[in-house]
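**Student:** Go ahead and model the full structure; you've got the sequences and the hints to work with.
Chains Y and P, in that order, are what the protein sequence lines are. With the working numbering applied, the first sequence covers 1 to 377. With the working numbering applied, the second sequence covers 378 to 754.
The hints are simulated quantities; they were obtained by calculation from the structure and are not laboratory data. Hints are supplied without guarantee of correctness; some may be wrong.
These stretches of chain Y come out as covered by chain P in the derived footprint (C-beta under 8 angstroms, 3 or more residues) [said to hold, decoys possible]: (1) 37–45; (2) 68–75; (3) 79–86; (4) 94–104; (5) 292–300.
It should be emphasised that the depicted structure is a prediction, and the values quoted were computed from it without experimental measurement. We put the CB at the ideal spot given by N, CA and C, even for glycine.
There are 2 protein chains.
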Amino acid sequence: MFQLLSKDASSEARRGRLTTAHGVIETPVFMPVGTQGTVKAMSPQELRELNAQIILGNTYHLFVRPGMDVIRHFGGLHRFMNWDGPILTDSGGYQIFSLAKLRKITDDGVHFQNHLDGTPTFISPEIAMEVQATLGSDIAMVLDECPPWPCEHEYAARSLETTIRWARRCKEQSAIRDQQSEIKQLVFGIVQGATFADLRRASAEATVQIGFDGYAIGGVSVGEPEPEMMLAVENSEPFLPDDKPRYAMGLGTPPQLIELIARGVDMFDCVLPTRLARNGTAFTARGTLNLKNAEFTLDKGPLEEGCACPACREFSRGYIRHLVKAEEILGLRLTTLHNLHFYLELMTRTRAALDAGTFAEFRRQFVANYRTREAQS
Amino acid sequence: MFQLLSKDASSEARRGRLTTAHGVIETPVFMPVGTQGTVKAMSPQELRELNAQIILGNTYHLFVRPGMDVIRHFGGLHRFMNWDGPILTDSGGYQIFSLAKLRKITDDGVHFQNHLDGTPTFISPEIAMEVQATLGSDIAMVLDECPPWPCEHEYAARSLETTIRWARRCKEQSAIRDQQSEIKQLVFGIVQGATFADLRRASAEATVQIGFDGYAIGGVSVGEPEPEMMLAVENSEPFLPDDKPRYAMGLGTPPQLIELIARGVDMFDCVLPTRLARNGTAFTARGTLNLKNAEFTLDKGPLEEGCACPACREFSRGYIRHLVKAEEILGLRLTTLHNLHFYLELMTRTRAALDAGTFAEFRRQFVANYRTREAQS
Chain Y
1 MFQLLSKDAS SEARRGRLTT AHGVIETPVF MPVGTQGTVK AMSPQELREL NAQIILGNTY
61 HLFVRPGMDV IRHFGGLHRF MNWDGPILTD SGGYQIFSLA KLRKITDDGV HFQNHLDGTP
121 TFISPEIAME VQATLGSDIA MVLDECPPWP CEHEYAARSL ETTIRWARRC KEQSAIRDQQ
181 SEIKQLVFGI VQGATFADLR RASAEATVQI GFDGYAIGGV SVGEPEPEMM LAVENSEPFL
241 PDDKPRYAMG LGTPPQLIEL IARGVDMFDC VLPTRLARNG TAFTARGTLN LKNAEFTLDK
301 GPLEEGCACP ACREFSRGYI RHLVKAEEIL GLRLTTLHNL HFYLELMTRT RAALDAGTFA
361 EFRRQFVANY RTREAQS
Chain P
378 MFQLLSKDAS SEARRGRLTT AHGVIETPVF MPVGTQGTVK AMSPQELREL NAQIILGNTY
438 HLFVRPGMDV IRHFGGLHRF MNWDGPILTD SGGYQIFSLA KLRKITDDGV HFQNHLDGTP
498 TFISPEIAME VQATLGSDIA MVLDECPPWP CEHEYAARSL ETTIRWARRC KEQSAIRDQQ
558 SEIKQLVFGI VQGATFADLR RASAEATVQI GFDGYAIGGV SVGEPEPEMM LAVENSEPFL
618 PDDKPRYAMG LGTPPQLIEL IARGVDMFDC VLPTRLARNG TAFTARGTLN LKNAEFTLDK
678 GPLEEGCACP ACREFSRGYI RHLVKAEEIL GLRLTTLHNL HFYLELMTRT RAALDAGTFA
738 EFRRQFVANY RTREAQS
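**Tutor:** Rendered as structure tokens:
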């Protein structure tokens, strides 16, 4: 399923290739987030034209609306949304912990009320896998408990025990499903352990012991400072096998992606490019632009000089600024197109640098040129 | 500029061809409304693919934001928004009367405060023409006063006097402009007169007397019942010359368009297809569908069977309903694409029927099949 093509001499960075039921994914890869069965403001056709290799769907959101009866009726998420490329679905755990109301975690699973109409619902590791089987995603994630930041060692350790027990049950459930299904759904385990090195190691080792098609690093991007986030990855990565893909969940800014690739991560998903786009913020190699700023009013240049995205080929900063200020839908369509292009192109360039053996220089230059502004955090 | 190609034997309907600086327009024609320098939710590329022949821009909105300094800097509205087809701009009068605050009408012009930040502004017939010259539209409209509905004969008659004096000043101003400019901007006069047959006739005759490149029928779609609206057109049309295009402003539903074409109208603009789309309503030959209705939840069919629009080619009613319910941008993009396609295709079929001499039958069938629901009014 995963082929490790090469390793970088200067870092832990890797070039790989992941084969899924709906296509082959070159890694490192960025996965645009399609929370509710659509990558916000984009059409599937536009995602194909942006060369998105795989998108992410949020199980919790789709479970709540339109619900699994609808998805089943339409023959799965691919057909429902008319996207025939690979899809990764999360387990829903993260959203239950961040969005849902009146959560109660038992060893069996999680009782909660959904955020839309408060319907009492129960999700277990087995149900999480069944829901993802119904969605028909190419990559399913195990149900985990994601501790908040900050949290005590004792809480994180107990939470981790739950996550590992649940991972085992997810694996068992997916084995049953595999016997019934013709399509092989990959299943990724999730490493937790908060900011504690010993727990990260224990989590990675126990999860690898169970055995999955890939390993995610979870419990990052939950409010912790960037150095803590980097440490969480550094404390997990050495205990993950070379021959499986690694996925850092919910990350990050462009330089964070490069730095995490240098730490051995292969896969990313993040709402930043789409969410900031809808706020009028555009990514460039020098940092972000806030198009609401008056300085762009008369600017005839593209969002980024030399960019080949549809927004930059046809429209000026001044026009896009006007659209953003006037709250026109085309404004956020164009900034979303540009930002996704930026993230996807960054991964294309990273893969090319890894192939050419120039990743160290590419990393140095990119991170040095990129000016972090407040808008990104 | 305008070539009358044929007249229908069964009605006042006409096939025509209008030549503008940015292209030739086959009439009858529907003009999608691009209020703030963008047809809401659409890209110029999509409008080209929908075969939109001409779009409308709202002078008032563009005057207020981004303002004429910005438009001038970018070399006019076409370049600013990256649309190289024909554009018609209204004069701004209608929006001043419907949106702006603290209006004061003098014989000289209108004092008002804009609806965004209350900036006190003055617009005169001369300024309205200058602003439209800056926008660089292919067709400019004279500044008129649009009386409310209902209104007294005396008010309508006085208002009409103002409109006629202003029309004369617009014509004079555009003649001055023509001597300075290389590009010929067409100017249309506007027939007012509320619901009074004598005033409609007087308005049409006086406006034709001044002499314009085309004639609009204004003061319709201001809240009056449909029979009143039809009468306003019927009372104006006989006094307009055959060899100039006629434009019914701000109309209407699909059967209204067909009925107005039968009364001799060549050009239309209306926000219905785009506005109702954003409310989850789709047009079909049998009437409108409200996609929020639960009946569409499991519907695998397209918005309209046999429709060739991008939304119907790729997506189901059930999926689009999900997007609408989840308030996803793709939902209103798809319904907007479909509705604009529906309006534009309706005009294509009307022209074909006129060319084939089958308009009477086409009109009868279309109006009989189309079921008017509350959502359209």
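**Student:** Hint by hint, note whether the structure agrees.
**Tutor:** Here is what the structure says about each hint:
no., hint, in the structure
1, 37–45, "holds (count 8)"
2, 68–75, "holds (count 3)"
3, 79–86, "holds (count 3)"
4, 94–104, "violated (count 0)"
5, 292–300, "holds (count 3)"
Checked against the numbered hints given earlier, this structure breaks only hint 4.
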